[in-house]
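So the chains spell out like this:
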Amino acid sequence: MTTPLLEVDDLHVSFHTAAGVVEAVRGVSFSLGRERLGIVGESGSGKTMTGRSVLRLIRPPGRITAKAMRFDGQDLLTLPERRMRALRGSRIAMVMQDPKYSLNPVMKVGEQLTEGLRRRERVSRAEAKRRALAALEAVQIRDPERVFHAYPHELSGGMGQRVMIAMMLIPDPALLIADEPTSALDVTVQAEVLRILDGLVRERGMGLIFISHDLRLVSRFCDRVLVMYRGRVVEELDATGLDAARHPYTRGLLNCLPRIGGDRGPLPTLQRDAAWAE
Amino acid sequence: MSFIEIDDLEVTFRAKGRLVHAVRGVSLSVERHESFGLVGESGSGKSTILRAICGMAPVTAGSIRIAGERVRHGRAFTRRVQMVFQDPFASLHPRHTIDRTLSEPLAIHGIGDRDAKVNQALEDVGLGRGFRFRFPHQLSGGQRQRVAIARALMLEPEILLLDEPTSALDASVQAEALNLLSRLREERGLTFLMVSHDLAVVDHMCDRLLVMKEGRAVEQLDRAALAGGTMQAEYTRELFAASADRLTG
Ligand SMILES: Nc1ncnc2c1ncn2[C@@H]1O[C@H](COP(=O)(O)OP(=O)(O)OP(=O)(O)O)[C@@H](O)[C@H]1O
Ligand SMILES: Nc1ncnc2c1ncn2[C@@H]1O[C@H](COP(=O)(O)OP(=O)(O)OP(=O)(O)O)[C@@H](O)[C@H]1O
Ligand SMILES: [Mg+2]
Ligand SMILES: [Mg+2]
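Chains as they are written, first to last, in this note's numbering: chain C, 1 to 278; chain D, 1 to 249.
Next comes chain C alone, as it looks inside the complex:
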């Protein structure tokens, strides 16, 4: 077997706050090849913190510990911050859950899209713009030229999300961590964005971590799915899908979903069991 692109062994993330210690991630392990790995789970279960840990983007007082965390042969736990910075946004890219908050509010979208490209690859201004417009068009932005010159607050929620995706795709990363990348998109635009991500995995051999709360979407789209609950992975599903799910949390989730044409009584909710968090 070839070595995986990313290996995470026994990851913990904790926050020491005045009110006590919050253990956001409690012993998560997985490895990733050139494939689509989904992470689903409850709100607050530690999905975002797991993704950010790979980039060492946990703000103090948060602390990351792990037995191992390796990307393409490099030890992410000990890599000097300078080299970590060089990895971020080039070989490893992350689409943040709060796109409008993660974009620089006082910088035009176009400058943000071309900045890294011009710095890393030293391409001309015109070439950088051409590639940025092409990326915006790929994510189904209707008026790329206008959006190129717009500020983030002038974008709709889903447009901000797509700009963020475009920005992360321009450097052609080896690993993309996408945190709820399609949660603000209508279903037809969402399908197009998924098609692009899929193409990158298949054609360029990118590794993809797809974080989402949408179990149906993730199980349809990903090769494997980790289900998180209270900071732990409670179940791993392969492509055969949701019918094979065993954990009561995973199975319970499916019952909570509203359906088109369903009756409109209260939706079933989960009776959470303290034992699930063990």
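Misleading hints may appear alongside valid ones.
[Stated by the list, open to error] BS3-like, lysine-lysine: derived pairs with alpha carbons at most 27 Å apart:
1. 129/C / 108/C
2. 16/D / 213/D
3. 16/D / 108/C
4. 108/C / 213/D
5. 16/D / 129/C
What the hints contain is simulated information worked out from the structure, not anything from laboratory work.
Starting from the known structure of chain C, arrange chain D with the ligands on it as the hints suggest.
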């Protein structure tokens, strides 16, 4: 006369000499106690319509009436109409604790019993008391969205404008939030105008819906037409087809 009446609304942003026609002549009406859905393409003007109702978008033509009167945006309006924003991070003050975010509207409107009301609101959205003195950056995305829902409910408004209120929530927390909203609508006789890209959520919550694309209304449907798949417009059919995994069975 309907409770909320929007007639031929146009919203045009002016950005560095460019005009952005975000809403191009949209009309809709919502009855009292009704729940009305807005769906459509990303960037089609859904959020802009909600913001226009709140006086936060440049209306260039048309009118917005509530209970027969043109809206005026003051304290009385805030008491009556509350909005849950699509982007909960941007709408929560970064340096205010959750406690302050939830109790400030009560203080401004001179409402007492704040301590109990804040605890109740947190419980209603499934956040324990442990979250009360946290800051927004100490919460996950879905936890922030729940704070935004709790805040909108603090003043017990008559009308809730909900912009993708559950799109950051997993199925279990979404079910709890939707059940809470439905229960409050029943108990307090609320009126909802709700944006969602999840047709199953819209079907569950709304009696009627308007489909939008490129600033225009494409088609208005009632629930039976949505569930039965008997829509007229090509675009609505595409949306429906792409939502096949949201159907019953
Ligand atoms: N700075 C912090 N201080 C204390 N607790 C924190 C902090 N940041 C995050 N947390 C907690 O860590 C837990 C995991 O957060 P995370 O953002 O990873 O959740 P998530 O699975 O991405 O949820 P969502 O689907 O709602 O985005 C949450 O319960 C959150 O409240
Ligand atoms: N302040 C602004 N200045 C200029 N243009 C704006 C501004 N706010 C919104 N727009 C534009 O108005 C259009 C409609 O945006 P709106 O946020 O209403 O879309 P939406 O239907 O809510 O989309 P989404 O589903 O992606 O949230 C978009 O083209 C957007 O770029
Ligand atoms: Mg998250
Ligand atoms: Mg919107």
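Now for the hints, and whether the structure bears them out:
| no. | hint | result |
| --- | --- | --- |
| 1 | 129/C / 108/C | holds, 13 Å |
| 2 | 16/D / 213/D | holds, 24 Å |
| 3 | 16/D / 108/C | holds, 12 Å |
| 4 | 108/C / 213/D | holds, 25 Å |
| 5 | 16/D / 129/C | holds, 19 Å |
No hint from the list above goes unmet by this structure.
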